[in-house]
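Below, each chain spelled out in residue letters.
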Amino acid sequence: MKRRYLYSWMVLFLICSGLSRVGVADDSLAVREKPFQLVRAEMCESIENYEPQYIAAAFSIRIGRISCFTAFEGVSETTYVQHRWYRRDELMTAKRLTLKPPSWATYSSIQLREDDLGPWRVEIWDAEEQLVKTLRFSIVN
Amino acid sequence: MSSPGSVHAMAFTGCDAMNSLFTFLQSIRWQDLVDVLLNSYILFRLYVLFRGTNVIRVLVGIALLWIFQRMAVALGLIVTSWAMQGIIAGAALIIVIVFRNEIRNVLQAKNLRALLWDFPQKAVRTPIDSIVEGVYELARTRTGALIVIPGKEDLDEVIQGGVTWDSLISKEMLLSIFYNGNPVHDGAAILQDHRVKRVAAILPLSLRDDLPQFYGTRHRAAAGLSEQSDALIIVVSEERGQVVVAQAQSFTPIYDNLSLKKTLAAHLGVGCEDDHGIQRERREMVIAALICLFCMAGVWFSIAKGMETLTSIEVPLEYLNRDAGMQIISTSVNTVRLHLSGSSALIGSLRPDQVKAKLDLSKAVNGQNLFPLSKGNIVLPPGLRLNRIEPPEVQVALDVPTKKELPVQVDWVGSLPDSLILESVSVTPNRVVMVGAKETLDRISTLYTAKVRLNRIDASGQLAVALAPKPGVRTGNDGPSDGRVTVRFVIGRRGGGE
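Chains as they are written, first to last, in numbering that gives the first Met the number 0: chain E, 0 to 140; chain X, 0 to 497.
Honestly, the hints are just simulated from the structure, not real lab data.
Careful, some of the hints might be misleading.
Claimed, not checked - With a Cα cut of at most 20 Å, we get these calculated SDA-like pairs of lysine to any residue:
{"id": "1", "chain 1": "E", "residue 1": "132", "chain 2": "E", "residue 2": "39"}
{"id": "2", "chain 1": "X", "residue 1": "402", "chain 2": "X", "residue 2": "447"}
{"id": "3", "chain 1": "X", "residue 1": "374", "chain 2": "X", "residue 2": "319"}
{"id": "4", "chain 1": "X", "residue 1": "403", "chain 2": "E", "residue 2": "88"}
{"id": "5", "chain 1": "E", "residue 1": "132", "chain 2": "X", "residue 2": "444"}
{"id": "6", "chain 1": "E", "residue 1": "132", "chain 2": "X", "residue 2": "426"}
{"id": "7", "chain 1": "E", "residue 1": "132", "chain 2": "X", "residue 2": "429"}
{"id": "8", "chain 1": "X", "residue 1": "450", "chain 2": "E", "residue 2": "113"}
{"id": "9", "chain 1": "X", "residue 1": "437", "chain 2": "E", "residue 2": "88"}
{"id": "10", "chain 1": "E", "residue 1": "132", "chain 2": "X", "residue 2": "422"}
{"id": "11", "chain 1": "X", "residue 1": "450", "chain 2": "E", "residue 2": "89"}
{"id": "12", "chain 1": "X", "residue 1": "469", "chain 2": "X", "residue 2": "428"}
{"id": "13", "chain 1": "E", "residue 1": "132", "chain 2": "X", "residue 2": "427"}
{"id": "14", "chain 1": "X", "residue 1": "469", "chain 2": "E", "residue 2": "89"}
Please model the entire structure based on the sequences and the hints provided.
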C-alpha cells in the first residue's frame, strides 16, 4: 500500500517537473524575442559620465538642449532602439541608437528652438517595431 | 421654305418662350396679385369720386408725365428724367393746392361707404319739358336769357359770382328769373339736376373775332363757357327772340321745341336713351376699371419686376436625417453661396433667416459621399429665383463611432523659478476612453489637459485639471464624470532637496 502511494507521488512529481520545464522553455523563448530589458529611461537636461543630470518633467527653453537617457540590461546580441521625439503628436525627429551586450546605456538629445514650446513625448521603439516605453514632458518658457 | 434646322430652332424658341412664361407665372406671389388689385381699386375709386372735375384731367397729365419719366430713365436721359421727377413732385403739390375745393367736397360730402364702395348715381333727371317750355316762352316774349346746363365737368373754377338760388326748375321760375324787373335777370342761370342752382352768374367772355355782328354779350359769354367746358348753354336773344344753343365752341340755332328737346336730351343722356344711358355708364365704368387695372399692372411691372436685381448670399448648409449610428467626420463645405435674382424690393427686404440650404443625408453611406446641390436643397422666399449654387456639390464623410483609450498628458506653460525643477508628474486617471469617429480617433494619440501655469506653483502638490476638448470626439461613459483629471507633481530644488 505504501509502495502504491510512493509510485503515485513519483508520477505526480514527474508530471509537475515536466510541466515546469515546458514553462521555462516558453520563458526562454520570450526572452529571446526581447533581447534586452529597459532598466532606466529619463528625460534630463544633460548627461555627465553616462549619468543623467537634472531629471525633470518640464524643461525651460532657455537651457537650449535636452536629452533622453535610456539604460538596458540583458542585451543578448547587438541590436538597436529608436528614440522618436514628438511635439504634440507630430514626429519631430527619430534617432537610432545601437545596443551591445551585455549592458548598455545610451541617449539622444535635441536642440531647443523658440517654437518648440508645448507638450512633448519620446517613444522608445525596439528593432521589432515594438513600443517599449513613452516618456512625457513639456518645454516651457 | 424653312429647313428642318430652322423648324427645330423655331420650335425651341416657342418652347423657350412657354418656359419663360411658366417661370414668370410661377414667380408671381399672392401678395403681388393683392398689390395690383388693391391699388387698381384705389385708382378706380379716385376716378369714380373725381370724375367730372378737372382733377381727373390733371391726374391723367401727371400719369403721362410719369410714363415719360420712366421712358427717360430707360433711355438713360438723366437730366430729362430728373426734370420730370421734379415736375411730378411739384404737380402733386399743385393738385392739392389748386383743387382743394374739389378734394374737400369729395372728402367732406361723402361718408365712408360712399368713399369706398358707392357709385354716385347719375344726376336726377333734369326736367327737360319745363326748360323747353320756359325757353320758348322767353323767346316769344323776347326776354333775354342765358341758361347753363353743366355736362360732366365741374364749372366752379370757370363761373364767377352769382347768387345761390336753389329752387326747383319750372317754366314759371325761369320766366321770373329773367323778368326784366328782377334784380338777378342779368347773368346766367345754372341748372343742375332738377334745380336752379345759381343765378346772375358771370361767364367768361370769348375773345373770338369770328362771331356774327348781331351776337351780343350773352352770346359771347356762352361762347366763352363752351370753349372752357362741356356745358350746354342756351341763349335767348332779347332783340330777335332767337334761341341759340352753344356747345363745344359752336352755336346751333334752334327753331322749334322738338329740336331743343332733342338737344337737351342728348346732352343730359336721358329720354328714350334711358337704358342706353345706363348701359353707357356701366360700360364707361368697366372700361375705367380695366384701364386702372392695366395701369397698375404696368406700374407693378415697372417697379416690382422691371428692376430685376442680382445678389449673392452665404448661408450655412444644414445636414439633415443623418443615420444615428454614424457621425459626420468631415465636410468639404459648411456654407454655400447662393446667387439669387428678383425684384429690388424683394432683394432689399431679404433676411438671411429666410434662406435655408439643406442636405438630406438619409441615403449617405459609411465613408465618402458626394452630393450634388440643386434647387431642391434650397428654401427661398417666394418671388426670388436661384441662379447658381457655389459649390455645386458637397463631399461628406461619415463614420461609425468607436472607442479608443488614450493617454493623458499635462500641457504645462509658463516657467518655474530657476532654482526649482519639476521632477515628476503623475496623472489620475492616466488613460481615458474617448468616443468618436474611427478616422478621427486614429489621428489622436494623446489627450492633453488644459494649459497649467507653472508660475503659480512653488511646491509639490496636486491640481484638478480639465481635459482640452478635441473636435469630433467626446469622453466615454467610463471617463471622468466632470471631465477633469488629477495631476500630482513633485517640485525639487536644483542641487538637491525638495
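Against the structure, the hints:
no. : hint          : in the structure
1   : E:132 - E:39  : holds (10 Å)
2   : X:402 - X:447 : holds (17 Å)
3   : X:374 - X:319 : holds (16 Å)
4   : X:403 - E:88  : holds (16 Å)
5   : E:132 - X:444 : holds (14 Å)
6   : E:132 - X:426 : holds (17 Å)
7   : E:132 - X:429 : holds (15 Å)
8   : X:450 - E:113 : holds (18 Å)
9   : X:437 - E:88  : holds (17 Å)
10  : E:132 - X:422 : holds (18 Å)
11  : X:450 - E:89  : holds (19 Å)
12  : X:469 - X:428 : holds (18 Å)
13  : E:132 - X:427 : holds (19 Å)
14  : X:469 - E:89  : holds (16 Å)
Of the numbered hints stated above, none is contradicted by the structure.
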